[in-house]
Amino acid sequence: MSTGQVEDLLRQLAPQVLGPLVRKYGGFDTCEDAVQEALLAAALQWPTEGVPANPKGWLITVASRRRTELWRNESARRRRETADAALAPAEVEPTPDVDDTLNLFLMCCHASLTSVSQVALTLRAVGGLSTAEIARAFLVPEATVAQRISRAKQRIRASGAEFRMPPEAERAARIQAVLEVLYLIFNEGYTASSGSTLHRVELTTEAIRLTRQLREQLPADGEVAGLLALMLLTDARRPARTRPDGALVPLAEQDRRKWDARAIAEGVSLITDTLGSAPIGPYQLQAAIAAVHAEAARADDTDWPQILALYRLLSSLAPGPMVTLNRIVAVAMVDGPRTGLHQLAAAEADPALAGHHRVDAVRAHLLELAGDPEAARACYQLAARRTLNIPEQRYLEARAEQLAPRD
Amino acid sequence: MKYVILIYNNPAAREVWLGLPAAQRAEGLAVYAALREDLAASGELIVSEALADHSLTKRVAVREGMTLVTDGPFAEVKELLAGFFLVECESMQRAIEYAARVPEAGFGLVEVRPIMDLSGFEM
Chain A
0 MSTGQVEDLL
10 RQLAPQVLGP
20 LVRKYGGFDT
30 CEDAVQEALL
40 AAALQWPTEG
50 VPANPKGWLI
60 TVASRRRTEL
70 WRNESARRRR
80 ETADAALAPA
90 EVEPTPDVDD
100 TLNLFLMCCH
110 ASLTSVSQVA
120 LTLRAVGGLS
130 TAEIARAFLV
140 PEATVAQRIS
150 RAKQRIRASG
160 AEFRMPPEAE
170 RAARIQAVLE
180 VLYLIFNEGY
190 TASSGSTLHR
200 VELTTEAIRL
210 TRQLREQLPA
220 DGEVAGLLAL
230 MLLTDARRPA
240 RTRPDGALVP
250 LAEQDRRKWD
260 ARAIAEGVSL
270 ITDTLGSAPI
280 GPYQLQAAIA
290 AVHAEAARAD
300 DTDWPQILAL
310 YRLLSSLAPG
320 PMVTLNRIVA
330 VAMVDGPRTG
340 LHQLAAAEAD
350 PALAGHHRVD
360 AVRAHLLELA
370 GDPEAARACY
380 QLAARRTLNI
390 PEQRYLEARA
400 EQLAPRD
Chain B
0 MKYVILIYNN
10 PAAREVWLGL
20 PAAQRAEGLA
30 VYAALREDLA
40 ASGELIVSEA
50 LADHSLTKRV
60 AVREGMTLVT
70 DGPFAEVKEL
80 LAGFFLVECE
90 SMQRAIEYAA
100 RVPEAGFGLV
110 EVRPIMDLSG
120 FEM
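Protein chains in written order, with numbering that gives the first Met the number 0: chain A, 0 to 406; chain B, 0 to 122.
If you are wondering where the hints come from, they were derived from the structure by calculation, not from laboratory data.
Where a beta carbon is used, it is the ideal one built from N, C-alpha and C, also for glycine.
You may find that some hints are simply not true.
Here are the in silico distance ranges between beta carbons for each label pair [stated by the list, open to error]:
1) A/Arg211 <-> B/Gln92: 30 to 36 Å
2) B/Ser90 <-> A/Arg211: 29 to 35 Å
3) B/Leu55 <-> A/Glu215: 37 to 43 Å
4) B/Leu50 <-> A/Glu201: 35 to 41 Å
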């Protein structure tokens, strides 16, 4: 097996090893450290010495031993005077029929944690990624991620979180938190500029893999399916969304032949099945919108009335500033740019949108469509100054430049 | 989102600081320690540093391929960067809440600025 295949196998096995350990011993934090060390040992040994006949059993044995050592060190430190360090429990037997992956997801996305910590812990404990890989993916120092993970585990311990299914009343909100974390991971990967991806794990791939795992646990949940479909349909556009130099290509100008047809087929089929069978939710609606875009062979073929209807539904179900802006773009495509501009002026009363660079960018686009290049150019320039993204800034500056008066 | 909390110093604030009794200065330092600890505990701290005294500053200028080094900052500058926190927070609002806890904020010497991101959504 190649190093890459071993890495894939280890990431897949990580939650299946951690689950039984936590179930047996308790102490999520120590177990998680032990599993991480077992994964590291396997990553070093297996590519040269071969994968053991029972890889999961091997990892559980190594992690259990390591966990006992860590536990002994800790108890020795804590209770040096007493002799109860010898009370360490025996090694764990693999529990064959219990899959604790969902419990692990819920633990890592615990409400006592900030979202940056939830993201780091989920990628390590459920995703099986190393601290160094997470640090490279998020462009922060490794020490920052290590600290985030260890402090997050301390918080979980302090909060008294239990490793079992939360009561029915809490479950929906807890699963919602997991979906938010997975979508954050996806977007971090999706929006990364192509120039800096060297030696970085592909976060979109990891997010899709983890969402698939979550879906195995919750096959009837429409929002889990909706999020997976949304990720597949969005990620399908990745080969077309940047030029080789990293410059952004807007949806309307993308070479649609570069879109990943297989991912689109899977996403469309998933969202079609789900919309008919589960209560509607915001991820499903966003996936449905992405599916309408995906089904247009050319930008001009886009079914804007349908997109507008979906955005109206989304606005009533899960209103938000970005939903408002996207709805206004759809309005402009259906009823003309002047109607869109009119609604944009009204939308700016929302404090979340006032002074936001995306309002300026949308206004610039609509002014351009309305045939007012001078005003459009000024708005592109304003948006470029206010954005926090370097590729976006380059894109907006280029649009402004294209509208410069020629002599 | 990443933000940098910039902490400045000026002669008036330095005077006040040096004039404080030792116990009050210790309190000020404890505020810093608590802020740093809270940021670390929540996972939002990336790095924080205090800069050495501005008299140790070297100005670097390259002219016609020659590197010229002179002592000290620009003489006309009244407020000098004294330290910073690089944080990763969910919102500007949250970064501002942390910035407000920096003792220098009492002198109007604290700024929060968003960090440019290398990412970008398609439009």
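- request: Return holds or violated for the Cβ distance of B/Leu55 and A/Glu215 against the range 37 to 43 Å.
  value: Between B/Leu55 and A/Glu215, where Cβ atoms are some 59 Å apart, the hint is violated.
- prompt: Does the Cβ distance between B/Ser90 and A/Arg211 fall inside 29 to 35 Å?
  reply: Taking Cβ atoms as reference, B/Ser90 and A/Arg211 lie about 30 Å apart, which means the hint holds.
query: Using the C-beta atoms of B/Leu50 and A/Glu201, is the stated range 35 to 41 Å upheld?
result: holds, 38 Å
Supplied distance hint 30 to 36 Å, evaluated on CB atoms of A/Arg211 and B/Gln92: Cβ of A/Arg211 to Cβ of B/Gln92: about 35 Å, so the range 30 to 36 Å holds.
In summary, the structure is inconsistent with hint 3 from the numbered list given earlier, while agreeing with all the others.
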